[in-house]
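Using the hints provided, position chain A relative to the given structure of chain D.
Next come the chains, spelled out residue by residue.
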Amino acid sequence: MKKDFLMIRNSAAYLTEAVPVIELEAFRNKIAEFCNKADGRIVALLGKKENNESLRIFTVLGSDSKGELYISSAILSGAEYSSLTPDLPQANLFERELYEEFGIIPKNHPWLKPVRNSAGYEFYSLAGDSVHEVAVGPVHAGVIEPGHFRFNCHGEKVFNLEIRLGYQRRGVEELMLKSKPSLRLVLAESIAGDTVIGHALAYCHAIEALADRQVPQRGRVIRALALELERVANHVGDLGALSNDVGFLPVASYFGRLKAEFSNMLLALNGNRYGRGLLKPGGAAFDLDNELVKNFKIRIERGMKEADEITDLLFSTPSVLARFEKTGVVKTEEARKLGLVGPSARASGLQRDVRCDYPFGMYRFKKIIPVKAATGDVFARARVRALEIKRSLTFIDEALEMVPREKISISCEEIKPSSFSVCMTEGWRGEIAHIAFTNERSELSRYKIIDPSFHNWPGLEIALKNGAISDFPLCNKSFNLSYAGFDL
Amino acid sequence: MLKILKIRLKQGNCTIPYPFKVKLPERFRGLPRVYPERCGDDCKLCADACPINAISLNPLTLDIGRCIFCENCVSACPNKAIEYSDGIKMSVRNRSDLLLRGQELKLAEALEKKMKKLLGRSLKLRVVTAGSCNGCEMELNAVNNIQFDLSRFGVQIVASPRHADGVIVTGPVTNNMKLALEKTFAAVPEPKIVIAVGACAINGGPFEGSPHVHNGADKLLPVDLYIPGCPPHPLTIIDGILRLLGRE
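Quick note, the sequences are listed as chains D and A, same order. Under the numbering used here, the first sequence has 482 at position 482, and the numbering climbs by one with no breaks. If you want the numbering used here, it's the position in the second sequence, counting the first as 1, plus 1000.
Don't read these hints as lab results, they were simulated from the structure. Mixed in with the good hints, there may be bad ones.
For lysine-lysine, the following PhoX-like pairs were computed, each having C-alpha atoms within a straight-line distance of at most 20 angstroms [claimed, not checked]:
# : chain 1 : residue 1 : chain 2 : residue 2
1 : D       : K49       : D       : K178
2 : D       : K367      : D       : K66
3 : A       : K1003     : D       : K305
4 : D       : K305      : A       : K1010
5 : A       : K1044     : D       : K180
6 : D       : K305      : A       : K1006
Chain D with its partners taken away, still in its complex shape:
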């Protein structure tokens, strides 16, 4: 392991030449071994064009329980390699992406097809007596993002669900390389508009690491506060949507109103309900003055009481539990194989949380204890959210007492040449990873973005297996994944 991999820290910069280059087949075998034997996981698998036009594949692997991150690489010089997917299902989308972006063909991949392009896409289909297909999307009934869902059913029962995305593809990664710094920040905020803080934070970490600058603690507190507010607002919104999907409208309305209370705290802090414009490389753009601290204290206390009251009602209503329990189960082992992250992983019994495993910013100084559930059903995913709302509000409440008197930001302009940085944050959906490489002229030469949804969409497909098609909306909401974040 030692000579084949470079151990790295979250949100730190290293010289790209320090990353070991190993032989392609060995590279592949090491990844499979690390993930299947040790408690490892693929954080990223990406291609990068080198100066001499050869293609280099990088992988970032994480050992969550030890909090260790490793990176390694291999040069692809026309050679084929044996697909990882049969041994390691979590590699599936990564290998398909490498195929789509660079034409790399892994031998014996079960079904190599595009990830975001429609050309050459074929659906799995099923034939037989009384078997039928249901095709939904890309335009859906509700106000949600576009995606296509193909169900192979027998009556109500779903044999297989296949999700095809790509409709939202805007080309964010390419734009990141072409744009000036101020636009890059806006692009990062717009990867997924419900995760403005999570993605902007990962971007800021990347630039700060490459510039070798430390953010003042006051800036870190503001960032953590915003990240937790974003988490609370979205979790509250999700619980509302879940209540709505089981027809429990008074609770849905209450959650809907409560979500606005938290969005409006972000609005008070920086003038936008989603935190746009709050972060910048080097720190925060808006200060948390004493008056705002006092005001937030009151609002958090009230928010806690209301969140408690309404979640109690939700989880003590038998007809709700009847719909939530044993619906859309993803077992622990399945979640591990698929490499799920965030609340979806924690609901299936996997303790994965970047804030604890690879702490960044304020979480290095103030710990947050992750929440876990065991059953992997809609109930568990709802329950994990409800508990995380509580933990996050407590965290915010305590963090408000920890605002030191100092600057909120420092300048952060020059970035180092020929370096890279792997920056992970825990957004409300789970692990966000941004991987930035610079060339010898200190320009960004590759910018890889991995939204938690990229890891988690296959979880929804598995959750529906052998379930009822009428449970789809509920299952879908219980994951509530990002289309834009996946499509980039």
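Then chain A, alone, in the frame of chain D:
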């Protein structure tokens, strides 16, 4: 059951009364105000600071269709030539009306008489997300929560284009959503309207110029109403739609 009733009673009526008299926080960035007369000679600090080229000079012009309502130009300008107000009203009928040069913004006028008669008291809209980040979607969902409650005005967001009188488009319109948008629009019975919500749907937003997008809804469809913002505040969306119906 008793618990539900208790909570329901405690909540009371949360809907914001109309006409809206909401005090938004001090830091809220509403409609920008532009003062070209305050510009220094040959100064282009604001235009340089703008991430998405929403500002042109001589005379100072801010395109609030492109604007993503960040703080950059305001903090770059030493003369306060651009300031944010707390104004939420900023929807217009024509793209060119979004260019602010110091004049009063020409807010959207109502639909023509015949259309207004048809749609003025009951408008059903279908939302098509065509590359939006989900920010505008969250605000479009919020307009129907119990606080903003758009449906009280007879405006509803419906599930099928066949039931709709028009479409709301969000996002820059990606190549991969072009066909779906065109088909959805074609499925809406005549006469129909198109509303572009957010900077992306108006001009491509931060994605303008990407080979994967079409830089806004009006490149493909006849847009009747532009609602700027990133994302627009729910009150801005409601105000825009009501204006179009001649009810504001």
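Structure-based check of each hint:
Taking the CA atoms of K49 of chain D and K178 of chain D, the gap is about 16 angstroms. The hint holds against a cut of 20 angstroms. Taken as a hint, the K367 of chain D and K66 of chain D pair is honoured in the structure, with Cα atoms around 16 angstroms apart against an allowance of 20 angstroms. For the proposed pair K1003 of chain A and K305 of chain D, the alpha carbon gap of about 15 angstroms is at most 20 angstroms, so the pair holds. Proximity of K305 of chain D to K1010 of chain A is assessed by CA-CA distance (about 13 angstroms); at most 20 angstroms being required, the pair is judged to hold.
Taking the CA atoms of K1044 of chain A and K180 of chain D, the gap is about 16 angstroms. The hint holds against a cut of 20 angstroms. About 15 angstroms separates the Cα atoms of K305 of chain D and K1006 of chain A, which keeps this hinted pair within 20 angstroms; it holds.
In the structure shown, no violation is registered for any of the earlier numbered hints.
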